[in-house]
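S.K.: Based on the hints, put chain B in the right spot on chain A.
2 protein chains.
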Amino acid sequence: MTLSEAADRRASIIDGKSIGAAIKSQVAAEILRMRDTIGKQPGLAVVLVGERNDSYSFVRIKMKACDEVGIASSAVELPADCTEDQVIHVVSNLNEDSSIHGIIVQLPLPKHLDGERILNVVNPEKDVDGFHPLNMGSLAMKGREPFFIPCAAKGCIELLLRRGIEMLGKNAVVIGRSKIVGLPVSLLLQRHHATVSVIHSFTKNPQDLTREADIVITDVGVPNMIRGNWLKQGAVVIDAGTNAVKDPNRKHRLRLNGDVCFEEAVQVASAITPVPGGLGPVTISMLLSNTLDSAKRAYTFV
Amino acid sequence: MTLSEAADRRASIIDGKSIGAAIKSQVAAEILRMRDTIGKQPGLAVVLVGERNDSYSFVRIKMKACDEVGIASSAVELPADCTEDQVIHVVSNLNEDSSIHGIIVQLPLPKHLDGERILNVVNPEKDVDGFHPLNMGSLAMKGREPFFIPCAAKGCIELLLRRGIEMLGKNAVVIGRSKIVGLPVSLLLQRHHATVSVIHSFTKNPQDLTREADIVITDVGVPNMIRGNWLKQGAVVIDAGTNAVKDPNRKHRLRLNGDVCFEEAVQVASAITPVPGGLGPVTISMLLSNTLDSAKRAYTFV
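If you read the protein sequences in the order shown, they are chains A and B. Each residue of the first sequence is one higher than the one before, starting from 1 at the first, in full-length UniProt numbering. Each residue of the second sequence is one higher than the one before, starting from 1 at the first, in full-length UniProt numbering.
Pulled out of the complex, with its shape left as it was, chain A reads as follows (with noise of 0.2 angstroms):
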């Protein structure tokens, strides 16, 4: 094998960046069209429980890239010792006020309320982060639709349809499965007639169905956990994990690792999702998309 053989046979990298670019520009314009016609614009709620360092700067990337596009955001701000009552309640008043088209519980919530009960509460109509049961129900069931579709999981198959790659009758390997990508990146990948296994903790010997796999997605946390020789040859990966690894060189000592080696994966693959930069902005946009949608339900703006 000659060297540019060599170099030939490295995987072509998703550029999560530029697509998520390309969406939020469309949302964007999506806006602009909405606010000349009916002078109106989607408004996006964000319940923010306790004072954690990691959801303030979740919250403040959301809220940036609503800005961006013509979001109007806000985020309601309760202490850390607030009771499940409080939150429903604020949660309720969201569900009422007609500016509002999605509503954010930001999870990890304080371990003394019920993640699940205040979840419940949201309207399924305006549950962007899409995890209610009713639109995780939907979404499992043929002949239905949800009103919303989990964003990361809705990130992956957008990066595979636009990257032109065929779902239907591949071997699709799920590692993890989360509410957030596992559980419905699973069923979004059999709507669009993979044959799909999820593996999990308990699964053994798991490289052995993931070396079966056409598509692998992957969200473990457990950084470069996913070897190269885990893969099959051109198989197309998609790294949701996003693990903060030591490292002394960088800023702040942290760099984002994903699941996967990828500098073993991208010998072997023939497309893959970097970390950061792959899958991270696309689940951005797809909020603010999301956001979109609902607020062209509720004003049946076409």
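Calculated directly from the structure, the hints in this document are not laboratory data. Remember, predicted model here, so these are calculated numbers, not experimental data.
The list treats identical chains as interchangeable, and a pair is accepted whether it falls inside one copy or across any two copies.
Cross-link-like lysine-lysine pairs, in silico, DSS-like; alpha carbons within 27 angstroms at most: (1) K232 x K204; (2) K111 x K142; (3) K142 x K204; (4) K296 x K142; (5) K40 x K64; (6) K40 x K24; (7) K17 x K246; (8) K24 x K64.
M.R.: Just chain B, lined up with the frame of chain A:
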């Protein structure tokens, strides 16, 4: 190999009839206790639209089973040409009726009716079929509990549990993805920490994945599709197929055949359900058990 060794290697038959009967007698005993203690009994209502012979016969089987255990059952019949609103009106009345703890809308409905819309109206707390998307979503999501799990899927797991078959860490293949068996059983197997692959009509070489499976659950509707050489030695096979096959030697010139080629599979599997007499009787007992659970919840009877 001696003849007796060959015989030893035949799968043990999972006798759904006796397991179903055992569950039924447990349900009957609980209902007796309920009547004795609080003077109440569970109530099941079936909504039947149009005059389909197969539906009539399914409804008759369900109502007879209700009688046997002490569930008060009733059927509301509507003409084939009734409107969607008429069906919804009937369902809404049953939702309000405190003597009714389970509501079944017998499927299939006439084509001019929107089944999804009608099933949405069934109160999820009376949805003993488990087909409401809120129940399916709660089944899919970790940390949530549905009010009801679809009876046939619950029956498959009940058979595995009663036979002491370990699911945790086992490879399971589900063939078919209907809301009746495939979808909910794949979610249930995941709850029991099996590694689940879902196979369907677009899957290429379905036998490859199936041959790796410790547990195979089929719900395809194609008689004898799963051959002996699809199975791993020692696999456990649950056959949810009930296919009417022409047979001149039988009454009505028909016999029931599963999706699995039983005579071949029985040589390879370690345990297998026959058709008929496998999943069927357990499914009906799950319906009775769901209805009892609902009445217990309604009357807070423990």
